[in-house]
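Enquirer: The residues making up each chain are set out below.
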Amino acid sequence: MTKLESRRLCIHYGAKQALHGIDIAIATNEVLALIGPSGCGKSTFLRSLNRMNERIPGTWHEGQVLLDGKDIYGRDVDPTDVRRRVGMVFQRPNPFPTSISKNVAYGLEIHGTKSRSEIVGIVEKSLRAAALWDEVKDQLHKSALALSGGQQQRLCIARAIATEPEVLLMDEPASSLDPISTGKIEELVQELKASFTIVVVTHNLQQAARISDRTAFFLDGRLVEVGETKTIFTSPVDRRTEDYVTGRFG
Amino acid sequence: MTEIVAHTLLVLATVVVLVPLFFVLVLLFVRGAPLLGISFFTEPPRDMNKAGGIMPAAVGTLLLMAGTAAISLPVGVAAAIYLREYAPDNRATRLVRLAILNLAGVPSVVHGLFGLGIFVILLRFGSSLLASWCTLALLVLPTVITASEEALRAVPDSLREASEGLGATKRQTILRVVLPAALPGILTGAILAMGRAAGETAPILITGVAFFCPELPHGVFDQFMALSYHLYVVATQVPHVPPELPYATAAALIQIVLATSAVAVVARAHLRRRRLA
Numbered sequence: 009m010t011k012l013e014s015r016r017l018c019i020h021y022g023a024k025q026a027l028h029g030i031d032i033a034i035a036t037n038e039v040l041a042l043i044g045p046s047g048c049g050k051s052t053f054l055r056s057l058n059r060m061n062e063r064i065p066g067t068w069h070e071g072q073v074l075l076d077g078k079d080i081y082g083r084d085v086d087p088t089d090v091r092r093r094v095g096m097v098f099q100r101p102n103p104f105p106t107s108i109s110k111n112v113a114y115g116l117e118i119h120g121t122k123s124r125s126e127i128v129g130i131v132e133k134s135l136r137a138a139a140l141w142d143e144v145k146d147q148l149h150k151s152a153l154a155l156s157g158g159q160q161q162r163l164c165i166a167r168a169i170a171t172e173p174e175v176l177l178m179d180e181p182a183s184s185l186d187p188i189s190t191g192k193i194e195e196l197v198q199e200l201k202a203s204f205t206i207v208v209v210t211h212n213l214q215q216a217a218r219i220s221d222r223t224a225f226f227l228d229g230r231l232v233e234v235g236e237t238k239t240i241f242t243s244p245v246d247r248r249t250e251d252y253v254t255g256r257f258g
Numbered sequence: 130m131t132e133i134v135a136h137t138l139l140v141l142a143t144v145v146v147l148v149p150l151f152f153v154l155v156l157l158f159v160r161g162a163p164l165l166g167i168s169f170f171t172e173p174p175r176d177m178n179k180a181g182g183i184m185p186a187a188v189g190t191l192l193l194m195a196g197t198a199a200i201s202l203p204v205g206v207a208a209a210i211y212l213r214e215y216a217p218d219n220r221a222t223r224l225v226r227l228a229i230l231n232l233a234g235v236p237s238v239v240h241g242l243f244g245l246g247i248f249v250i251l252l253r254f255g256s257s258l259l260a261s262w263c264t265l266a267l268l269v270l271p272t273v274i275t276a277s278e279e280a281l282r283a284v285p286d287s288l289r290e291a292s293e294g295l296g297a298t299k300r301q302t303i304l305r306v307v308l309p310a311a312l313p314g315i316l317t318g319a320i321l322a323m324g325r326a327a328g329e330t331a332p333i334l335i336t337g338v339a340f341f342c343p344e345l346p347h348g349v350f351d352q353f354m355a356l357s358y359h360l361y362v363v364a365t366q367v368p369h370v371p372p373e374l375p376y377a378t379a380a381a382l383i384q385i386v387l388a389t390s391a392v393a394v395v396a397r398a399h400l401r402r403r404r405l406a
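Listed in order, the protein sequences are those of chains A and B.
Heads up, the final residue of the first sequence is numbered 258 in the working numbering, and it's a clean run with no missing numbers.
Heads up, the final residue of the second sequence is numbered 406 in the working numbering, and it's a clean run with no missing numbers.
Hints listed in this document are in silico derivations from the structure and should not be mistaken for laboratory results.
Don't be surprised by glycine CBs; every beta carbon is placed ideally from N, CA and C.
Please note: incorrect hints may appear among the correct ones.
To be verified - Computed from the model, here is a short list of chain A residues facing chain B with C-beta under 10 Å:
#, residue
1, G22
2, A23
3, A26
4, N111
5, R167
6, P173
7, E174
Said to hold, decoys possible - Covered, in the sense of this in silico footprint (three residues per stretch, anywhere, with C-beta under 8 Å from a C-beta of chain B), are these stretches of chain A:
#, region
8, 66-77
9, 96-107
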């Protein structure tokens, strides 16, 4: 089942074209890794999947992004609804400067969940799902900024999944973390794919190989190749993919 | 060697700033000491300001500070939010910003004349507390806007992304994330605004302050006394004033301004601490 699909998607920043006709279909509950050298457009592609790229003035697009078959750029579509269904975890942990529980509850409150007990329950469930509950259950009212970087990133994951999005976008979620925290995030991705469709940008090729079902290789704003992760890393079709995954450039 | 010279020069510069401030404070409190008792703050002036206390002037100054803040903060913060969060970054916006900065450089007596024309005469507020509030609010608006805009600019964009990434609207993001994070900086603007309101003399002289008015204002359309103008009066306009009186009045004004700042500083520190606790 295709969950999310881009069709001939082009993204422009003013006069500069960042993406050229990207066609990728992402299946429900799969983990798709986006790899490629810096500036290849993989983060731009990720951000186009929940319309976060629109925050940059002068950005415009051509083509379509279909979520369950419906274009998220459609005239009658509210970007806030898109982002509610397609959640996002950023490169650097960005918890709000409030308590741990308020961070997780934020998405619920802005979407109108009123019941205190319901919120408390979802906060616990989300923190458990993000493998953070045991570390923070006695300090839910402490500031999120007192947590370590790795804990903050798992808190951001808990915050993103609390509103039960269907797709989770992750923009190099472990690039600012130490190896142990990175390992925890990678394990978490494996657990989360049971409930979510996940698209993850990564600079780390081993990480892509470890956590993803399929991998897409971007170069200069174009999709070079997308396929089973094993295939991409062992016998890619395109010469440039092979050069990249074997470390000849990038 | 040059390192030591530079260091010494910088320390000297700091001392040059601090020493006069210290002497001014000591002078005021020492020379004013004979008068600075409780009754000085609780009694109205008597005998055409030559005797008695400063109660109506102190209350008037507090009213000026509160009213000016109450008018200028909502307007100023709203303008800052528009400029920082909504306005496109184009020539028109930059022009507006430049205009605001220039407005801060307009002499306060000009603001006073503007207030006289608009609030006292055109809007028929008369020479009143309300007219002075509005005039002072206009006077401090550039400060409030600039401080608030700085505070909003200091809120990392990653927090806005986090909020909008969760499906929050821009309005929700600003109200629930950006403004709370910017509050300490906005408070700094409020402190500056209230300090100006307490100290300015020319604008209120033209728009509402009274020379001698031992009763407190009954409403916003009444005239009032204020410490800044009262200080000018007892220092220069009334013959045979006891020499301690101007010093004690100045000391009282400084106490009120410092106390207000202290409250705001404590509030700001509390806000900052709560985020890390």
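Enquirer: Could you run down the list of hints and mark each one as holding or not?
Expert: Outcome of the hint check:
1. For G22/A, the shortest C-beta to C-beta distance to chain B is roughly 13 Å, which exceeds 10 Å, and the interface hint is violated.
2. The closest approach between the C-beta of A23/A and any C-beta of chain B is roughly 17 Å, which is over the 10 Å cut-off, so the hint fails.
3. Nearest Cβ of chain B to the Cβ of A26/A: about 18 Å, over the 10 Å cut. The hint is violated.
4. At a threshold of 10 Å, the smallest CB-CB gap from N111/A to chain B is about 9 Å, leaving the interface hint in force.
5. Among the interface hints, the one on R167/A holds; its C-beta lies about 7 Å from the nearest C-beta in chain B, closer than the 10 Å criterion.
6. Look at P173/A: its Cβ gets to within about 8 Å of chain B, closer than 10 Å, so that hint holds up.
7. Look at E174/A: its Cβ only gets to about 12 Å from chain B, farther than 10 Å, so that hint breaks.
8. Proximity of the region 66-77 of chain A to chain B, defined as three or more residues with a beta carbon under 8 Å from a beta carbon of that chain, is not established by the 0 residues found.
9. Residues of the region 96-107 of chain A with a Cβ under 8 Å from some Cβ of chain B number 8, which satisfies the need for three, so the listed coverage holds.
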